[in-house]
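Visitor: Here is what each chain is made of, one letter per residue.
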Amino acid sequence: MQISMTINGTDVTREIEPRVLLVHFIRDDLRLTGTHWGCDTSNCGTCVVLMDGQPVKSCTVLAAMADGHTITTVEGLANGTTLDPVQQGFMEEHGLQCGFCTPGMMLTARALLDYNPHPEPLEIREAISGQICRCTGYATIVRSIQWAAEHPAGAAPETTTSESTEHEVHA
Amino acid sequence: MHRAKYESGGAQLLLVLWSTLTATVAGSKLRHDSVAQRRAVPWKLLSEEKPVQIPAPFDYVRASSVDNALALLDRHGAESRVVAGGHSLLPMMKLRLARPDWLIDINDLYELDYLLVDGPVLRIGAMTRHTTLLQSGDVRRLFPIICDAERVIADPIVRNRGTIGGSLCQADPAEDLSTVCHVLEAVAVVRGPAGERMLSMAEFHRGPYETAVAQNELLIEVRVPIRAGSSSAYEKVERRVGDWAVAAAGASVTLGADGTISEVAVGLTAVGLERNVTEVEAVLVGQTPDETLFVEAGRLAALACDPLADQRGPIDYKRHLADELTRRVLRVACSRAAASVSDITI
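Going line by line, the protein sequences match chains G and D. Read in our numbering, the first sequence has 14 at position 14, and its numbers run on one by one without any break. Read in our numbering, the second sequence has 1317 at position 317, and its numbers run on one by one without any break.
Because the hints were derived from the structure by calculation, they are not lab data. We put the CB at the ideal spot given by N, CA and C, even for glycine. Do not rely on the hints blindly, as some may be mistaken.
[To be verified] Here are some chain D residues pointing at chain G (derived, C-beta under 8 Å):
# : residue
1 : D1059
2 : Y1060
3 : H1087
4 : L1090
5 : P1091
6 : Y1114
7 : I1157
8 : E1281
Only chain G is shown next, with the shape it has when bound in the complex:
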């Protein structure tokens, strides 16, 4: 079947099998490997992407179900070379260790801040409660999201984006 969706601002159309999961479509067909594939049981949350602005676990959504919708992956967070405040926050507050949960955590954080620009620490913890950091670095993740809430304009745009780093790894 043919599906079309807007992903990180770009319209894509592909021929797929109906059983392809959104996470595999994003990683394997579109080669956007910033979205990670973890538990595959909607427990770990590393595959989180935004679907029409809402975080969803892309291992439990069919690519066909995203047909006609707008998807944002971690590659779509930065605006050109300017990091999203959430990405900046994860740098400032050391919000990642191994980095496996980071794409999902940052997208959930983005959606949280879009909905609630000034979350309490408890609200942040609740928002990411469906995601697992295997390094158990939750305290710094919460602080990173708080940093982003306190710096809605981010910081000086002189760092490179995570997008380019991601592509280098898989080049």
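Got chain G; can you put chain D on it based on the hints?
Guide: Quick look at chain D alone, frame taken from chain G:
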């Protein structure tokens, strides 16, 4: 015991299968770990003969309206399944516990995504997402039990996809909204080729994973009666966010003008009781809410339930939870009802 596989909400069964399967898949991934190979046919590499984490092939169709969904169900018959949020069905399809030939996606049925206070009834469209229910002021005011339960259903991200209709139709024994709807005496509106049927929860919910919704029917609405002087509460014990309940309890209480309990309903989740704990009614109705009554109700609930030992705990622990949680939800429901009697008139 046949019921054993149901008791933990299927999750235990799923997990056991899962650990076997992921080991298999990890093995097959290791054999294909060159980047070039993975790029060529990444997920397709996973061998078809082995159970893998991709659903078996099926045809997919999106319904454009309720009538269209019913026509599609009629056309594709017994081998078709409706998918809403998909967070129960898709994992089952990955594990081959479900293997439909046709998947009918009803996520475009925005006509079923609504919350409507309609006179003495709250009407909830079947496609209303958990997140919507959790965030609704009307729901919080009228039926705090729904908010209590929604707050602990899966996790916030899963709640963005999951729907009330999907939860009720899945009828998992550890599923919270079935208990909530039993307690609130909700009515399920089911539409099929012959028209609409209105079912009480006792009629609708036949047991673990089984409802009265026929293959060619669709649950379209849940109607919850609004009662003056009434309030409710729900509490669950789970090992971690997103896990199935070890046990949970819900209560709805209506207080009369004199402050005595005129109506009460208590329900339990995940402890082998697919109905309300009717035994508590005789003890509570006509009485002024009081701690000794709650203790007695908790004792009766623990006796009425029939839990099984599993990885979430032994039987005596689950009975203890049924007892303790029944006391707590009655305590909270009564105090909320007392506050609503003094605050507002519906």
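Visitor: For each hint, tell me whether it holds in the structure or not.
Guide: We went through each hint and held it up to the structure:
1. Given the 8 Å rule on beta carbons, the hint for D:D1059 holds: about 6 Å separates it from the nearest Cβ of chain G.
2. A distance limit of 8 Å between C-beta atoms decides the matter here; for D:Y1060 the minimum to chain G is near 4 Å, and the interface restraint holds.
3. Proximity of D:H1087 to chain G holds as hinted, the smallest CB-CB distance being about 5 Å (cut-off 8 Å).
4. Given the 8 Å rule on beta carbons, the hint for D:L1090 holds: about 5 Å separates it from the nearest Cβ of chain G.
5. For the restraint placing D:P1091 at the interface with chain G, the shortest Cβ-Cβ distance is roughly 6 Å, inside the 8 Å limit, so the hint holds.
6. Taking 8 Å as the C-beta cut-off, the interface hint given for D:Y1114 is violated, the closest approach to chain G being about 18 Å.
7. Below 8 Å, beta-carbon pairs count as interface contacts, and D:I1157 has one with chain G at about 4 Å; its hint therefore holds.
8. With a least beta-carbon distance of about 35 Å to chain G, the hint placing D:E1281 at the interface is violated under the 8 Å criterion.
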